[in-house]
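From first to last, the protein sequence lines stand for chains A and B. Just remember that this note's numbering sits 97 ahead of the position in the first sequence, which is counted from 1. Just remember that this note's numbering sits 27 ahead of the position in the second sequence, which is counted from 1.
Errors might be hidden in some of the hints.
As the list claims (entries may be wrong) - Partner residues aside, some chain A positions facing chain B, computed with beta carbon under 8 Å: (1) R144; (2) Y147; (3) V172; (4) V178; (5) E182; (6) P184.
Stated by the list, open to error - Derived DEER-like restraints, expressed as beta-carbon distance ranges: (7) A/R151 x B/V85: 53 to 59 Å; (8) B/V395 x A/G111: 34 to 40 Å; (9) B/V85 x A/L110: 56 to 62 Å; (10) A/L110 x B/T278: 34 to 40 Å; (11) B/A223 x A/D185: 23 to 29 Å; (12) B/A230 x A/G111: 30 to 36 Å; (13) A/P317 x B/Y226: 56 to 62 Å; (14) A/W165 x B/V85: 55 to 61 Å.
What the hints contain is simulated information worked out from the structure, not anything from laboratory work. Built from N, CA and C at the ideal position, the CB exists for glycine as well.
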Amino acid sequence: MTRAELRSVDVVLGGTPIVRSIDLELVSGEVLALVGPNGSGKSTLLRTLYRALRPHEGTVSVDGTDVWRLRSVDVARTIAVVAQERPDDFDFTVADVVRMGRTPYLGRMARIGASHDRICADALERTGAAHLAARVFHTLSGGEKQRVLIARALAQEPSILGLDEPTNHLDISAQLEILGLVASLDGVTVIAALHELTHAAAYADRVAVLQDGAVVGCGPPGEVLTPALIEEVFAVRASVGLHPDTGRPQFSFSPLPRESNPTCHEHV
Amino acid sequence: MRSEIDIDDAVVEAPPNGVGTADPVPLSLQRTDGVLPGAAVPVLSVVLLLLLPVTIVVATGIGAVGIPADEVWEVVSARLLRRSPDVAPEVEQIIWTIRLPRVLLSAVVGAGLAVAGLCLQAVVRNPLADPYILGAAAGASAAAVAVIVLGSSAVFGLGLSAAAFLGALASLLLTLALGQRAGQVNSTRLILAGVAVGYVFSAVTSFLQLQAEPNQLRGVIFWLLGSFASAEWSDLAIPTAALVFVGGWLTVQGPKMNALVMGDDTAASLGIRVSRSRVWLLILASLVTGACISVAGGIGFVGLMIPHAARLAVGPDHRRLLPVAVLGGAIFLVGVDVIARRVAAPGELPIGIFTAAIGGPAFLAIMVRNNTWASGR
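Looking at chain A on its own, in the form it has when it is part of the complex (with noise of 0.2 Å):
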């Protein structure tokens, strides 16, 4: 199995330090999500992950080799990713999108040929995706949408999966419907960035938790997502409780207590 690891990794985008100094090992397999507030470096870290963006300082590697000595078709047919972005201004069919998955396997004159085609259709399969097909891509709903790029990811036969915030403005049978068809992978390591703890509870083997660039937290979601951790990092009072079926953590949120800010009240 393929063994992805990072190592002090620093990036600086525009001069502002947005990653620092990340260690970080994915365990084959499993499903690690990522969470933080905005700007904590989730998505600049899954960036890095799969070559979108070089570190300013340390390696990403992949099965001990830096990925940045590796050719990007090589990195291509072992990490895959479905991104926050669409292709929603031009009329693709939802095969168009799943074959696109295949281009690190293409030479340069190489036709979309049968063997590539059954691996789409499987891809679609395993997603639940195959009766769209035929489908125009940007006419399907959110969920649809996120099952589609999770099989053009499929496609890619990865072993290692980076989702980013693959629940974003989906209603909350499509979140669960993505997260568990997720989770449920065979075979592929998923490493997600997730706004909703609760979900990241209820699906990650190990949550890794991001404030200011660097992680402050890793490991089994009951052991890392403590009230204390989560009121430092969100600037939220959260109570914890166990989901009735599953047993696993799930929470409440509140405002912190509004605390009396002199210099402020002082220029108002």
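Assemble chain B onto chain A, guided by the hints.
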């Protein structure tokens, strides 16, 4: 309309109640090559390939002196086989010296502008891009008009074609530089940058126009509206070479352009080196745009409309789009040039008037059809 057809197909092909799934590849996945069922896509390319020479022969026959197609063909085949044609010498003169270079040039320029539009639309991930919108035509025109009005010494001693080419390249690269932020190209920003660059170069062109001597103005108007009226055989070399080179290169770039359209991050995760590919595609688009504009002036809308029509016919996969766009662009511009030289006969009108007159409404139709733009996103 397209999606309705596709949905119907999918319903028809879905196995009843999930049984009968013996076929490991669902039929629906094999049958989704654009609007036309699978095999019909190469057929469209073949049809256009056969239609192009017919169009060229017919267009060459049309003019102040009508010449039947068989005589046109007689002259062309005789010239190619190096024998003397069995037609009157003045007919041969009209066909070979006057009309044929013009018709061929309009075909090459039509194909070239369509290729440039297709390429730029993939680069900026926006189906409404064309060489005009990204400022390339304005840059090329400004440089060409500078050569006409100020002489080539004002533009580092460059000739007209070289100046137009470099003007196109410079304006496109300027647009790219202004349109990116921290290495990320945002397509809205890129288009805004292109519009701004276009305005600046248009201002330069307007200023130069005021400096022009009356005898230079005709040349300037040629640049602004485009015309094939002065086409000669020697004009064909540069745009043809550019078209063959760029078209040949893009033939193997289909998967790359498809991936770029998906978005930068997705493309990177598919193994595409995004910035590098984008810069190269922009240079290719500038090369062919500059070469076309340098011989034909600023012909608008071809680069927008033809890729769009091709997309409606065969879907957005660039491997299928390229041949259809090349052939469609060639046929389209040959046809429009016939209109340009016959509508006000015996005089003639700049071809850019007609491409714009057809292109404006076509642009609106595309915009209304495109949900995401129509909804103001």
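Hints and how they fare:
1. Interface restraint check: A/R144 against chain B, minimum CB-CB distance 7 Å, threshold 8 Å, status holds.
2. Checking A/Y147 against chain B by beta carbon gives a least distance of about 4 Å; that is within 8 Å, so the hint holds.
3. Of the supplied interface hints, the one on A/V172 holds, with its beta-carbon coming within about 7 Å of a beta-carbon of chain B, less than 8 Å.
4. Evaluation of the A/V178 hint against chain B yields a held restraint, the C-beta minimum of about 4 Å falling below 8 Å.
5. Annotation: interface hint on A/E182 holds; nearest CB of chain B at approximately 3 Å, less than 8 Å.
6. Checking A/P184 against chain B by beta carbon gives a least distance of about 5 Å; that is within 8 Å, so the hint holds.
7. Range check, A/R151 to B/V85: about 56 Å between beta-carbon atoms, so the 53 to 59 Å window is met.
8. One distance hint, 34 to 40 Å for the beta-carbon pair B/V395 and A/G111, holds here, with the actual separation near 38 Å.
9. Between B/V85 and A/L110 the Cβ separation comes to about 58 Å, which falls inside the hinted range of 56 to 62 Å.
10. The supplied range of 34 to 40 Å is met by A/L110 and B/T278, whose beta-carbon atoms lie about 36 Å from each other.
11. Remark: the range hint 23 to 29 Å for B/A223 to A/D185 is upheld by a beta-carbon distance near 25 Å.
12. Between B/A230 and A/G111 the beta carbon distance is about 31 Å. The supplied range of 30 to 36 Å therefore holds.
13. Between A/P317 and B/Y226 the beta carbon distance is about 58 Å. The supplied range of 56 to 62 Å therefore holds.
14. A C-beta distance of roughly 57 Å is found between A/W165 and B/V85, which places it inside the suggested range of 55 to 61 Å.
This entry satisfies every hint, going by the numbered hints stated previously.
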